[in-house]
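Just so you know, the sequences run in chain order A and B. All letters in the first sequence, in the order written, are residues 3 to 336 by our numbering. All letters in the second sequence, in the order written, are residues 452 to 685 by our numbering.
It is worth saying that the hints were derived from the structure and are not from the lab. Quick reminder that beta carbons are idealized off the backbone N, C-alpha and C, glycines included. Careful, some of the hints might be misleading.
[Stated by the list, open to error] Below, computed lysine to any residue pairings styled on SDA-like, alpha-carbon distance capped at 25 Å:
| hint | chain 1 | residue 1 | chain 2 | residue 2 |
| --- | --- | --- | --- | --- |
| 1 | B | 505 | A | 108 |
| 2 | B | 580 | A | 178 |
| 3 | B | 578 | A | 183 |
| 4 | B | 538 | A | 199 |
[Stated by the list, open to error] Counterexamples of contact, computed for chain A against chain B with all Cβ distances above 12 Å:
| hint | residue |
| --- | --- |
| 5 | 16 |
| 6 | 188 |
| 7 | 207 |
| 8 | 286 |
| 9 | 287 |
| 10 | 331 |
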Amino acid sequence: MDELVFFINKVVISGTVIGSIYALGAVGITVVYGILRFANFAHGDVMTLGAFLTYVLAAGLAAMGMSAPLPLGVLMLPISMVLASVAANGIDRAFYAPLRRKGATSIALLIASIGVTLMLQGVIRLFAGTATRTFYDFEPKVIFRVDLSALGAARPITITEPQLLMVILTFLAVLALHLFLTRSRLGKGMRAMSDNPDLAQVSGINTALVVRVTWVIAGALAAMAGTMLAMDVSLKPDLAFNMTLPLFAAAVVGGLGQPYGAIAGGFLVGFAETLAVFDWSVFVRPFNAYLPEWAQASAGMSLVPTEYKLTVAFVILVIVLLVKPTGIFKGIST
Amino acid sequence: MPVIDVKNVIGGYGGAPILNGVNVAIEQSDIGVIVGPNGAGKSTTLKAIFGLLKVSSGQVLFNGHDIANSLPDKLVPLGLSFVPQEKNVFVSMTVQENLEMGAFIRRDDIGDTLASVYDMFPPLKEKRKQPAGELSGGQRQMVAMGRALMSQPKLLMLDEPSAGLSPRYVIEIFETIVRVNKAGVAILMVEQNARQALTFASKGFVLANGQNRFTGTGAELIADPEVARSFLGG
Numbered sequence: 003m004d005e006l007v008f009f010i011n012k013v014v015i016s017g018t019v020i021g022s023i024y025a026l027g028a029v030g031i032t033v034v035y036g037i038l039r040f041a042n043f044a045h046g047d048v049m050t051l052g053a054f055l056t057y058v059l060a061a062g063l064a065a066m067g068m069s070a071p072l073p074l075g076v077l078m079l080p081i082s083m084v085l086a087s088v089a090a091n092g093i094d095r096a097f098y099a100p101l102r103r104k105g106a107t108s109i110a111l112l113i114a115s116i117g118v119t120l121m122l123q124g125v126i127r128l129f130a131g132t133a134t135r136t137f138y139d140f141e142p143k144v145i146f147r148v149d150l151s152a153l154g155a156a157r158p159i160t161i162t163e164p165q166l167l168m169v170i171l172t173f174l175a176v177l178a179l180h181l182f183l184t185r186s187r188l189g190k191g192m193r194a195m196s197d198n199p200d201l202a203q204v205s206g207i208n209t210a211l212v213v214r215v216t217w218v219i220a221g222a223l224a225a226m227a228g229t230m231l232a233m234d235v236s237l238k239p240d241l242a243f244n245m246t247l248p249l250f251a252a253a254v255v256g257g258l259g260q261p262y263g264a265i266a267g268g269f270l271v272g273f274a275e276t277l278a279v280f281d282w283s284v285f286v287r288p289f290n291a292y293l294p295e296w297a298q299a300s301a302g303m304s305l306v307p308t309e310y311k312l313t314v315a316f317v318i319l320v321i322v323l324l325v326k327p328t329g330i331f332k333g334i335s336t
Numbered sequence: 452m453p454v455i456d457v458k459n460v461i462g463g464y465g466g467a468p469i470l471n472g473v474n475v476a477i478e479q480s481d482i483g484v485i486v487g488p489n490g491a492g493k494s495t496t497l498k499a500i501f502g503l504l505k506v507s508s509g510q511v512l513f514n515g516h517d518i519a520n521s522l523p524d525k526l527v528p529l530g531l532s533f534v535p536q537e538k539n540v541f542v543s544m545t546v547q548e549n550l551e552m553g554a555f556i557r558r559d560d561i562g563d564t565l566a567s568v569y570d571m572f573p574p575l576k577e578k579r580k581q582p583a584g585e586l587s588g589g590q591r592q593m594v595a596m597g598r599a600l601m602s603q604p605k606l607l608m609l610d611e612p613s614a615g616l617s618p619r620y621v622i623e624i625f626e627t628i629v630r631v632n633k634a635g636v637a638i639l640m641v642e643q644n645a646r647q648a649l650t651f652a653s654k655g656f657v658l659a660n661g662q663n664r665f666t667g668t669g670a671e672l673i674a675d676p677e678v679a680r681s682f683l684g685g
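For reference, chain A alone in the conformation it holds in the complex:
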């Protein structure tokens, strides 16, 4: 029973949390790719920017002596989502839109996005320094423990309050995105433009408006994912830098341009990572008594050491590109 609890804590909960973060981040990458046909490497840093905006707002509230039944970071999330979508649109107007008007290739836009990455990181460091911060400097982290001693488990299932809230919010965000894309006129126009930009233009779809809405979605979900990541771990200027590879892996696995694919891909990469670093010896150890000495399980039976977690996303990316380059949901092939 304890082994199962350990598995739930380490894989089911961690995988769901990291999968949610990847899913929200990858949706932003995939919609931008679908509409503007370029890989936006700066997306991770918009996540970091969103996390910092949430932090500043939450710390401001705490400094004014406010407290709430919800974590302040979660409470301030809607505002930082709005600010991040404004910022994403501003970045587009300032850097990508002029390049598009000049007919820049998707490679040129990709390089520009790397430039934007460096700028965003610089700006964040300029204001916030390089220190590591946490949302729990000004309020406690509430941890829920589900006692399973009745079932014979010594250890409880633990999930933190922000983790639980973030998983719920991810579900709501995905639901809202689904309704937007399938029910609203503008959402359908967005899918149309992703499917066939020339025909969308010929149909009279306001493509400039679709581009703005795309950045609103990408920016808002990036702020959400960044805040989740910062609340789950800690807040650093290079918070999301290591996210870029898993996010692209998730978007490519799901099929570029396919929002549902990106969500599936996000959870797939998230769970693959947590399963790969999980110490499987806990499941083998109970059988040690029955096994010969050479087959005894010791600690550390994970497929990949934790510090090499990033390789999991890389391996997934390589396999998908070799076996099914358009991804599970048959996205745009490059």
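For this one, chain A is given, so just place chain B on it according to the hints.
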């Protein structure tokens, strides 16, 4: 007053002009058919009207207003609609969603228009929840035309609507075009099946090298021995 009046248009994609002074004018009740050899500028003429390439000189008058170099998102609300030859459906979207995209510019109730498009193309009603990419070529062409009609255009432009279709569907599409025209929509189309299309055209335009060679009613062009010899394959 003609619904569309293209006057001495010169234009292209930025390099050497493809259109060297094209004249095309049709009335609201007309079916205009543009024929001519490959590279004559037939499709290019439609694209020039629809703002998809640069008009460097000349006029494009729609009901008397100059619309040269206006973009589609301005032209569709005015009452122009265009069915490209290829990639003319949203393959990942359902038939109904394709039709809804044709009405993107409208903010009023589209229910009646949707019903009339389904009346015109009964197979589409059955398949309205199916992705357009799964349809046959003929049915895709119906989706493409239906999409273009959803904006309630005054002028419908079609680029080779019969291309790649089996003879049975060619006749069906042509019959539909005549029906749409009878409902009050002016038609301007480019056709490879020139002789067949000219039989129901009220105006015909023979282009070559980006210029008009012959202009007349469909019947006149078919009867003209030189047009028949040079452009209609004898």
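We went through each hint and held it up to the structure:
Annotation: proposed proximity of residue 505 of chain B to residue 108 of chain A holds, straight-line Cα distance about 24 Å (limit 25 Å). Distance restraint check for residue 580 of chain B and residue 178 of chain A: the Cα-Cα separation of roughly 22 Å lies within the 25 Å cut-off, and the hinted pair is therefore satisfied. The straight-line distance between the Cα atoms of residue 578 of chain B and residue 183 of chain A is roughly 21 Å, inside the 25 Å bound, and the hint therefore holds. Taking the CA atoms of residue 538 of chain B and residue 199 of chain A, the gap is about 10 Å. The hint holds against a cut of 25 Å.
No beta-carbon of chain B is positioned within 12 Å of the beta-carbon of residue 16 of chain A; the least distance is around 34 Å. Consistency note on residue 188 of chain A: stated as away from chain B, yet its beta-carbon is not over 12 Å from all of that chain's, at 9 Å minimum. Non-interface call for residue 207 of chain A relative to chain B: violated, since the shortest CB-CB distance, roughly 5 Å, does not exceed 12 Å. At roughly 46 Å from the closest C-beta of chain B, the C-beta of residue 286 of chain A stays outside 12 Å, upholding its exclusion from the interface.
Every CB of chain B lies more than 12 Å from the CB of residue 287 of chain A, the least distance being 49 Å, so the non-interface label holds. Distance to chain B contradicts residue 331 of chain A as a non-interface residue, since its nearest Cβ pair spans about 10 Å, not more than 12 Å.
The structure is inconsistent with the numbered hints 6, 7, 10, although it conforms to all the rest.
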